[in-house]
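*Asks:* Read off the chains here:
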Amino acid sequence: MSREEIFEKLSSVLQESFEIKSDAIRPDARLREDLDLDSIDAVDLMVQFRPIVGKKLQPEVFKSVKTVDDVVNAMHDLMNSN
Amino acid sequence: MSRMLDHIWRVCATGFSFAVFGIGGLILGMVIFPLLSLGIRETREKNRLARLAIHHSFRFFIGLMRLLGLLSYDISGIERLNRRGLLILANHPTLIDVVFLISLVPNANCIVKSDLAHNPFTRGQVRATGYICNDTGVELVNDCVAALRSGDNLIIFPEGTRTPVDGKIVLKRGSAHVAINGMRPITPVRISCKPRSLTKGLPWWQIPPTSVHFTISVQEDILVNKFSEKDNPVLASRRLTEYLESYFRLSKA
Chain D
1 MSREEIFEKL SSVLQESFEI KSDAIRPDAR LREDLDLDSI DAVDLMVQFR
51 PIVGKKLQPE VFKSVKTVDD VVNAMHDLMN SN
Chain V
1001 MSRMLDHIWR VCATGFSFAV FGIGGLILGM VIFPLLSLGI RETREKNRLA
1051 RLAIHHSFRF FIGLMRLLGL LSYDISGIER LNRRGLLILA NHPTLIDVVF
1101 LISLVPNANC IVKSDLAHNP FTRGQVRATG YICNDTGVEL VNDCVAALRS
1151 GDNLIIFPEG TRTPVDGKIV LKRGSAHVAI NGMRPITPVR ISCKPRSLTK
1201 GLPWWQIPPT SVHFTISVQE DILVNKFSEK DNPVLASRRL TEYLESYFRL
1251 SKA
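Chains D and V, in that order, are what the protein sequence lines are.
Here this note's numbering is used: position 58 in the first sequence is 58, and no number is missing along the way.
Just so we're on the same page, this note's numbering is the position in the second sequence counted from 1, plus 1000.
A portion of the hints provided could be inaccurate.
[As the list claims (entries may be wrong)] Derived DMTMM-like pairs: lysine to aspartate or glutamate, alpha-carbon spacing no greater than 20 Å straight-line:
{"id": "1", "chain 1": "V", "residue 1": "1230", "chain 2": "D", "residue 2": "16"}
{"id": "2", "chain 1": "D", "residue 1": "63", "chain 2": "V", "residue 2": "1242"}
{"id": "3", "chain 1": "V", "residue 1": "1226", "chain 2": "D", "residue 2": "19"}
{"id": "4", "chain 1": "V", "residue 1": "1168", "chain 2": "D", "residue 2": "33"}
{"id": "5", "chain 1": "V", "residue 1": "1172", "chain 2": "D", "residue 2": "34"}
{"id": "6", "chain 1": "V", "residue 1": "1230", "chain 2": "D", "residue 2": "19"}
{"id": "7", "chain 1": "D", "residue 1": "56", "chain 2": "D", "residue 2": "19"}
{"id": "8", "chain 1": "D", "residue 1": "21", "chain 2": "V", "residue 2": "1242"}
{"id": "9", "chain 1": "D", "residue 1": "56", "chain 2": "D", "residue 2": "77"}
{"id": "10", "chain 1": "V", "residue 1": "1113", "chain 2": "V", "residue 2": "1139"}
{"id": "11", "chain 1": "D", "residue 1": "66", "chain 2": "D", "residue 2": "36"}
{"id": "12", "chain 1": "D", "residue 1": "55", "chain 2": "D", "residue 2": "34"}
{"id": "13", "chain 1": "V", "residue 1": "1113", "chain 2": "D", "residue 2": "38"}
{"id": "14", "chain 1": "D", "residue 1": "21", "chain 2": "D", "residue 2": "4"}
{"id": "15", "chain 1": "D", "residue 1": "21", "chain 2": "V", "residue 2": "1231"}
{"id": "16", "chain 1": "D", "residue 1": "56", "chain 2": "V", "residue 2": "1139"}
{"id": "17", "chain 1": "V", "residue 1": "1172", "chain 2": "D", "residue 2": "36"}
{"id": "18", "chain 1": "V", "residue 1": "1168", "chain 2": "V", "residue 2": "1242"}
{"id": "19", "chain 1": "V", "residue 1": "1113", "chain 2": "V", "residue 2": "1074"}
{"id": "20", "chain 1": "D", "residue 1": "56", "chain 2": "D", "residue 2": "70"}
{"id": "21", "chain 1": "V", "residue 1": "1172", "chain 2": "D", "residue 2": "33"}
{"id": "22", "chain 1": "V", "residue 1": "1172", "chain 2": "D", "residue 2": "19"}
{"id": "23", "chain 1": "V", "residue 1": "1168", "chain 2": "D", "residue 2": "36"}
{"id": "24", "chain 1": "V", "residue 1": "1172", "chain 2": "D", "residue 2": "38"}
[To be verified] Which chain D residues stay away from chain V? Per the calculated CB distances, all over 10 Å, these:
{"id": "25", "residue": "30"}
{"id": "26", "residue": "40"}
{"id": "27", "residue": "43"}
{"id": "28", "residue": "50"}
{"id": "29", "residue": "51"}
{"id": "30", "residue": "52"}
{"id": "31", "residue": "66"}
{"id": "32", "residue": "70"}
{"id": "33", "residue": "74"}
[Unchecked claim] Just some of the chain D residues that point at chain V, by a computed CB distance under 8 Å:
{"id": "34", "residue": "7"}
{"id": "35", "residue": "11"}
{"id": "36", "residue": "17"}
{"id": "37", "residue": "19"}
{"id": "38", "residue": "38"}
{"id": "39", "residue": "41"}
{"id": "40", "residue": "44"}
If you're looking for bench data, these hints aren't it; they were derived computationally from the structure.
Heads up, the beta-carbon is just placed ideally off N, CA and C, and yes, glycines get one too.
Produce the entire structure from the sequences given, and follow the hints as far as they go.
*Replies:* Shown next as structure tokens:
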């Protein structure tokens, strides 16, 4: 899966499950400040992404991410880590 | 002249009250609770007794402040607190809201900063009472749900900190996550303090022009089913938080 595809998937999950408006979901949008996601939301996001990434996501991955782009990169690294 | 005397009296009495509070806390944490831990091995029984000791200490403290002429209060709906496994959510105008609430709830659990578990002055209390000691995240929500299921009455101030003076009530979503994930009704408590006193950022000796009056009202439970049936947990927590914000904002009137 390319970075663009991951971004599209993330964007659709954020719109559907979190009711975040599509124009707010930009690569540089900050999860906490701009998108109003808290740590519980991040865990929920991970649960939704588990089948897509195909492996269990560690909560630690999300402690270091700040922006949408960081999430895309973390997912991308994880999927290509084997 | 009598107004000035009254003012001087209340400054002294406030200082005295705070000193009593501090010394009482030290005695509980450094003498009584360590003895309790030696005498009672079973954790839940130890927690129950430690919480009961804090409940009575806080009742004494509120009584002391009342006796000294610093405050008066009206409490309504107190019979609603006479149940187990309650998720008690309150607005947070003053420094002593938690003292009031714990003085009304014998087996109260609450969330404390994890720093307090390491601070030598507060470690004894945190350990003996088994208060939830966690700062953020999923583990905190899980701990809260587990405490409620075990029958504890959990007190949370969803604002996370005292309401800013003339500020709007803004809630964090954590307590809504607890209610939604744990499928627990909410027992809301509205607290008002007039004139405003012991607010955030105010040193204790800057006391209000008159003694303060607290109105504490334990309201009817808020059922969360209507939120969790309609939406996924993420959205249900958001909707519930919005609902609670408007609920507590109305109580300012």
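*Asks:* Next, verify each hint and record whether it holds.
*Replies:* Cross-check of the supplied hints:
1. For the given pair, residue 1230 of chain V sits about 14 Å from residue 16 of chain D by alpha-carbon distance, which is consistent with the 20 Å threshold.
2. Distance check on the hinted pair: residue 63 of chain D and residue 1242 of chain V sit about 26 Å apart at the alpha-carbon level, beyond 20 Å; violated.
3. The hinted pair formed by residue 1226 of chain V and residue 19 of chain D meets the criterion: a straight-line CA distance of about 19 Å does not exceed 20 Å.
4. The straight-line distance between the Cα atoms of residue 1168 of chain V and residue 33 of chain D is roughly 19 Å, inside the 20 Å bound, and the hint therefore holds.
5. Between residue 1172 of chain V and residue 34 of chain D, the direct Cα distance comes to roughly 15 Å. Compliance with the 20 Å bound is thereby established for this hinted pair.
6. Of the pairs offered as hints, the one joining residue 1230 of chain V and residue 19 of chain D holds, with about 14 Å between alpha carbons and a cut-off of 20 Å not exceeded.
7. A distance of roughly 25 Å separates the Cα atoms of residue 56 of chain D and residue 19 of chain D; the hinted pair therefore is violated under the 20 Å criterion.
8. Of the supplied pair hints, the one linking residue 21 of chain D and residue 1242 of chain V holds, its CA atoms being roughly 18 Å apart against a limit of 20 Å.
9. Note on residue 56 of chain D and residue 77 of chain D: the hinted pairing holds, with a Cα-Cα distance of about 13 Å set against a maximum of 20 Å.
10. Pair hint residue 1113 of chain V plus residue 1139 of chain V holds up; C-alpha atoms about 14 Å apart against a cutoff of 20 Å.
11. Taken as a hint, the residue 66 of chain D and residue 36 of chain D pair is honoured in the structure, with Cα atoms around 12 Å apart against an allowance of 20 Å.
12. The hinted pair formed by residue 55 of chain D and residue 34 of chain D fails the criterion: a straight-line CA distance of about 28 Å is larger than 20 Å.
13. Between the alpha carbons of residue 1113 of chain V and residue 38 of chain D the distance comes to roughly 18 Å, so the proposed pair stays at or under 20 Å and holds.
14. Among the hinted pairs, residue 21 of chain D with residue 4 of chain D is consistent with the structure: their alpha-carbon atoms are about 18 Å apart, no more than 20 Å.
15. With a CA separation close to 17 Å, the supplied pair residue 21 of chain D and residue 1231 of chain V stays within the 20 Å bound.
16. Of the supplied pair hints, the one linking residue 56 of chain D and residue 1139 of chain V holds, its CA atoms being roughly 18 Å apart against a limit of 20 Å.
17. Restraint check: the Cα-Cα separation between residue 1172 of chain V and residue 36 of chain D comes to about 11 Å, which is no more than 20 Å; the hinted pair holds.
18. Between residue 1168 of chain V and residue 1242 of chain V, the direct Cα distance comes to roughly 13 Å. Compliance with the 20 Å bound is thereby established for this hinted pair.
19. A distance of roughly 30 Å separates the Cα atoms of residue 1113 of chain V and residue 1074 of chain V; the hinted pair therefore is violated under the 20 Å criterion.
20. Between residue 56 of chain D and residue 70 of chain D, the direct Cα distance comes to roughly 18 Å. Compliance with the 20 Å bound is thereby established for this hinted pair.
21. For the given pair, residue 1172 of chain V sits about 13 Å from residue 33 of chain D by alpha-carbon distance, which is consistent with the 20 Å threshold.
22. Using a Cα cut-off of 20 Å, the hinted pair residue 1172 of chain V and residue 19 of chain D holds, with the two alpha carbons roughly 18 Å apart.
23. At roughly 18 Å between alpha-carbon atoms, residue 1168 of chain V and residue 36 of chain D fall within 20 Å of each other, so this suggested pair holds.
24. Under the criterion of a C-alpha separation no larger than 20 Å, the hint pairing residue 1172 of chain V with residue 38 of chain D is consistent with the structure, at around 9 Å.
25. With 10 Å as the threshold on Cβ separation, the claim that residue 30 of chain D sits away from chain V holds: the shortest Cβ distance comes to roughly 17 Å.
26. With a closest Cβ-Cβ approach of about 5 Å to chain V, residue 40 of chain D is found to fall inside the 10 Å limit, against its non-interface label.
27. At roughly 5 Å from the closest C-beta of chain V, the C-beta of residue 43 of chain D falls inside 10 Å, breaking its exclusion from the interface.
28. No beta-carbon of chain V is positioned within 10 Å of the beta-carbon of residue 50 of chain D; the least distance is around 15 Å.
29. Non-interface call for residue 51 of chain D relative to chain V: holds, since the shortest CB-CB distance, roughly 16 Å, exceeds 10 Å.
30. Non-interface call for residue 52 of chain D relative to chain V: holds, since the shortest CB-CB distance, roughly 17 Å, exceeds 10 Å.
31. Once the 10 Å rule is applied to beta carbons, residue 66 of chain D is consistent with being away from chain V; the minimum gap is 16 Å.
32. In this structure residue 70 of chain D is separated from chain V by more than 10 Å, as the shortest Cβ-Cβ distance comes to about 18 Å.
33. Its beta-carbon lying about 17 Å from the closest one in chain V, residue 74 of chain D satisfies the requirement of being farther than 10 Å from that chain.
34. For residue 7 of chain D, the suggested interface contact is broken, since its CB lies about 20 Å from the closest CB of chain V, more than 8 Å.
35. Because the beta carbon of residue 11 of chain D sits about 16 Å from the nearest beta carbon in chain V, more than 8 Å, this interface hint is broken.
36. For residue 17 of chain D, the interface hint holds, since its Cβ comes within 8 Å of a Cβ in chain V; the closest pair sits about 6 Å apart.
37. Hint on residue 19 of chain D holds. Least Cβ distance to chain V is approximately 6 Å, under the 8 Å limit.
38. Among the interface hints, the one on residue 38 of chain D holds; its C-beta lies about 6 Å from the nearest C-beta in chain V, closer than the 8 Å criterion.
39. For residue 41 of chain D, the shortest C-beta to C-beta distance to chain V is roughly 6 Å, which falls under 8 Å, so the interface hint holds.
40. For residue 44 of chain D, the suggested interface contact is upheld, since its CB lies about 5 Å from the closest CB of chain V, less than 8 Å.
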